[in-house]
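Chemist: Listed below are the residues making up each chain.
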Amino acid sequence: MEYLLIVATDPDAEPFVPEEDNVGDWVDDLEARGIRIRGQRLRPPADATLVRVRDGELLVTDGPFTESKEWMAGYDILEVESLDEAVEIASRHPMARFGRIELRPAWPMDVHEPGAERHARERAEETAALG
Amino acid sequence: MTHGAPAHHDAVARAHRDEWARVVATLIRHTGDWTLAEECAAEAFARAVERWPAEGVPRNPGAWLTTVARNLAIDRLRRRANESAKLREAAAFDEVEGGRNVGRRAGVPLPASGDDASEAEPGLDWGDTARDGVDDRLRLVFTCCHPALALEARVALTLRTLGGLTTAEIARAFLVPEPTMAQRIVRAKQRIRNAGIPYRVPDAAALPERLGGVLAVLYLVFNAGYSASGGDAERRGALADEAIRLSRLVVRLMPEAAEAASLLALMLLQDSRRRARVDANGELVTLDLQERARWDATEIASGLAILRSLERRPRGIRGRYRLQAEIAACHATAPTADATDFERIASLYDALAAIDPSPVVALNRALAHGFAGREQAGLDELDRLAASGALGRYHLLPAAQGELLARLGRADAAAARLRAALELAPTDAERRALRRRIDELAAAS
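Sequences listed follow chains P and V, in order. Numbering-wise (numbering that gives the first Met the number 0), the first sequence opens with residue 0 and increments by one. Numbering-wise (numbering that gives the first Met the number 0), the second sequence opens with residue 0 and increments by one.
To be clear, the hints were calculated from the coordinates, so they are not data collected in a lab. Possibly wrong hints are sitting among the right ones.
[Stated by the list, open to error] Simulated restraints, written as ranges between beta carbons of each label pair:
no., chain 1, residue 1, chain 2, residue 2, range
1, P, Ile36, V, Gly391, 44 to 54 Å
2, P, Leu41, V, Thr426, 48 to 58 Å
3, V, Arg392, P, Ser90, 29 to 39 Å
4, P, Glu125, V, Val175, 14 to 24 Å
5, P, Arg32, V, Glu255, 28 to 38 Å
[To be verified] Far from chain V by the CB rule (all over 12 Å, computed), these chain P residues:
no., residue
6, Thr48
7, Asp61
8, Phe64
9, Thr65
10, Ala95
All of these numbers come straight from a predicted model, not from anything done at the bench. All C-beta atoms in this analysis are idealised placements derived from N, C-alpha and C, irrespective of residue type, glycine included.
Put together the whole structure using the sequences plus the hints.
Modeler: Structure (structure tokens):
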């Protein structure tokens, strides 16, 4: 299964200790095992750009500026057997201690299926499952 | 005239109790489909009800049920495969005929299921034991209690899929509407599939922590049944029985796990008091006033036997369930409330507080030292706890203060604390018990 591993800051976490940042070892291990497809650190929200189309008009601004102290600081894409393996890998990322990690499973879809059909089919499946 | 039928009925009921988890667990490993597994298992038991009276109870009911359920599952999977093949054919036809792009849908990968490679071809490799030789029921235990599921979802799945209770029974026990419980279970199964929760026993490194999670779910179920303070005592008692049954299963599957055995001992020792906890009028009876002859001697003996067997093992760190079970054993073996070995209970609470710094343990530890003759030290500790605010408006804190004050002969101060507890007590039964205690103190002074 494919997971997006989101590295985030967290004000409740341990203060960052640069000497204990062993992310290089973490990446080397995963790459040797062919688990990490790619990943990057991200520039902070101050360097973000927001793109919207409203009433047919393109709006490009800086931001978003939120008051939140928890922001996405990086990402990795993992290909693993199961959630347990992804959790074990996430637990060894230094930012699990100094921040926090969110794991999001990929939700595969056929991008060529017409959107209206997919929407109707998935709604019907959900209704059937819930009885 | 009733020959045969009740015996067969009993045989099916017994098989349901003993074999449900095995049948469902094996089917989940082979199909990766929890709902299909439960439906086919239920159908297999329905067939047993029909056929066993005429054909006789099979020598190995579990194998019979698994085979029937497996055949039902294979039929359904074949039918499903045929249907989707027909859909694909129809779609391909549409495409040729003029049109639309439906056929490409087939490219979507199926979600991973189980750790067995046979799912792609239902009907192949239907052995009873996985290659790793792990009992399927143990996979089911750990998956139902996976920490990535919400606690209430773990409880519901454990009772439904592992325990074989119906959704209606679980809903009644937890006092929620049946559709709510049904939805909770469906969502939990969807989450297992969507989040990629594996059908697997955790690695050795993760095992102790994960086993702790399993035991916490079982103890929660037990307590929901044991503290029959709301709702229907009868139905909730069934939950305590179920928790004990499932704990026995975990102990059988993991005989080396001392904490699992300890939890079973703890449950048995606490459950032995079930009948004595409520009097003829349905009123709660506190431990010191219970009629000890009404305690269940068989359960006490089983609980004590487990603790003795643990004593014979190489000494390791005693876990929280072990310590709690030993505390329960002190009460179970005391001939009278006054003859209870509170000194030993206090030292067990010292050990428990060292590994579990929760305020409830601190409260009980203070109370135990007070009952061991160190009332003032106990009261000082309770004052510190009250000042910390960690127990908020927990009624047992002022109740404990009241008890220790009463032991010091300070009846007025004791009554004041018990009245404070009365204000905070969550149930009528507890309020009535506190009122009786207040009256008792007033009569004595």
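Chemist: Look at each hint and say if it fits the structure.
Modeler: For each hint, the structure was consulted:
no. : hint                            : result
1   : P:Ile36 - V:Gly391: 44 to 54 Å  : holds (48 Å)
2   : P:Leu41 - V:Thr426: 48 to 58 Å  : holds (52 Å)
3   : V:Arg392 - P:Ser90: 29 to 39 Å  : holds (36 Å)
4   : P:Glu125 - V:Val175: 14 to 24 Å : holds (21 Å)
5   : P:Arg32 - V:Glu255: 28 to 38 Å  : holds (31 Å)
6   : Thr48                           : holds (31 Å)
7   : Asp61                           : holds (35 Å)
8   : Phe64                           : holds (32 Å)
9   : Thr65                           : holds (27 Å)
10  : Ala95                           : holds (15 Å)
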